[in-house]
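FYI, the UniProt record's numbering numbers position 202 of the sequence shown as 202, with every residue one higher than the one before it.
Worth flagging that the hints you see were computed from the coordinates, not collected in a lab.
Heads up, a few of these hints could be off.
Using C-beta positions, here's what the derived DEER-type ranges look like [stated by the list, open to error]:
#	residue 1	residue 2	range
1	530	565	15 to 23 Å
2	20	314	38 to 46 Å
3	519	323	31 to 39 Å
Yeah, the Cβ is synthetic: ideal placement off N, Cα and C, and Gly gets one too.
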Amino acid sequence: MPGVLSRLFTKLALKSTQYFYSTLAFFYLFWRWIRSGGAALKFKERQMPKKLLDNYNHKYITLPSGINMHYVEAGVPSAPLMVMVHGYPEFWYSWRFQIDHFKDRYSVVAIDQRGYGGTSKPSKVTEYCKSLLAKDLDDLIHELGYESAVVIGHDWGGVVAWRHALSYPQSVDRLIVLNCPHPGAFGRVLSKSAKQRSFSWYMLFFQNLRIPEATVAADDFYVSPTFIPNIHSLLLVSRCALKKKENFTQEDMEAWKYTFNCLTSAINYYRCAYQFPETEKMKGKCIPKTLIVWGDDDKFLVTENAEMSAQCCEDAALRIIPGASHWVQQDEPKLMPSFLSQLLPILLRKVAQYYYCSLACFYLFWRWIWTGGAALKHKERHLPRKLIDNYSHKYISLPSGITMHYETNAPLMVMVHGFPEFWYSWRFQLDHFKDRYRVVAIDQRGYGGTSKPPNIRDYSTTLLAKDLDDLIHALGDSAVVIGHDWGGAVAWQHALLYPDSVDRLIVCNCPHPAAFSTLLQNSRNGKQQSCSWYMLFFQSSCVPEAAISSDDFHVFEQHFWGRHGLKNKENITQDDMEAWKHTFSQP
């Protein structure tokens, strides 16, 4: 009962605050309407400022959701992609300093989010939920022809960037968030900090209908700085404003006023977040490497948000900018060079990727000439008896739609293979454990007899771990999980996300994801980086597949029988090799 009363009191307090600010705004608008003879509530017609046209390449793209997204493109088309995501009340132009700085090194895309600027403005509040906004961002990256991008977000753009990194970590090369807390951190800070609650009053005011829009737009987007944060008072006048006002000229202000001809869709971000909170919990930490930049004179978000956000990441660096306001990318545009040192490894990885791809292309061309084209032809094979005798093959349809092939022979034991392997790589362990366990050796999605989704995003470790958990619950409640190589990566992720499903975890030659990331950065003399060259090569399209399958999968023979292969080479016979080649030659 005390808990019910507490929740009821909290709800009443929030509603009272909402209506209090609404009443103040109503009287303010009425006073301005009387004083100006009605002129204060009229929109001023504007032409598009030249500042928005000069030196910018404006483009539109239709996303799978039907959203027609406007963005500005600059930079090197073949370079790594960098996507900039604005907040409220902003649009693509708030990144003007950063566009100019990064265009020589990246293919830079600064977007108008849905509901802003030239992008579609859905009418329903529910169409501004964070999951849809994050999906817009992910769809954009892939529609532009990239598999991943450096993502930079500020304010509400930071909210979307966080959500995107949590939902689609494989699409993020590096995450940079400016003055916006991790979603898990903000809730905790809000519950503990009275100062943060006082800073967040406008979120309640924005739950009212029409009055917030009218208040923000009144007097040609000018409201008393002591009353409500709007475009003018936020950016120039009030205590919430930029510290370096010379970075925001009168021409810039005209560009803002021209763009914000529709305020409802922008304010709907706050309405949707408050009225329709997304209840699903994002388990685990933010996986992509993250840089959090925070102006410590933010009048909307206390600095504790930044510190707690760093704790919500697997690998985060935190940079506090003393004296900078909430509008840090416009207040301190010269801080961008410091980002470059954080981002340089991405450029180097791309160079290495193209280097290895070029080597492979020359190798394939040489083999094609040398063999008269035979090296690139597939050999027809029949299913080897070695894969049939003494094994019980089964298939199971998982909730995700994946049809998984597994071999089972009675606590449950699940064996997860790596690359380039399949269920058969566990043949010795199947024989050893079959008398004590119900042993299941699977083909992971994309391997052997299991479904092979066409999209790269369908192979994230999060989805692979979900496959494993779905399989376990289709066959029982929990299992001993054994993983090797990529199977180990999936087993680690599964244990982190679904610990209740794991009786015992056994990992063979695969590091914990956080340990590997740390080792990759700190490896002496670059030994781990040099050992990981193939990961960069595999980012190229088509060439890795052609290189591996050329000369009748000769790479497999080198992989298992070569100098760096098995020590006990007699453990992979010619019949075993035929089983490997048959499995990896199937579509």
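Does 38 to 46 Å hold as the CB distance between residue 20 and residue 314, or does it fail?
holds, 42 Å
Regarding residue 519 and residue 323, is the given constraint of 31 to 39 Å on their beta-carbon distance met?
holds, 37 Å
Note whether the CB distance of residue 530 and residue 565 lies within 15 to 23 Å or breaks it.
Between residue 530 and residue 565, where Cβ atoms are some 19 Å apart, the hint holds.
Violated hints for the displayed structure: none, as all numbered hints are satisfied.
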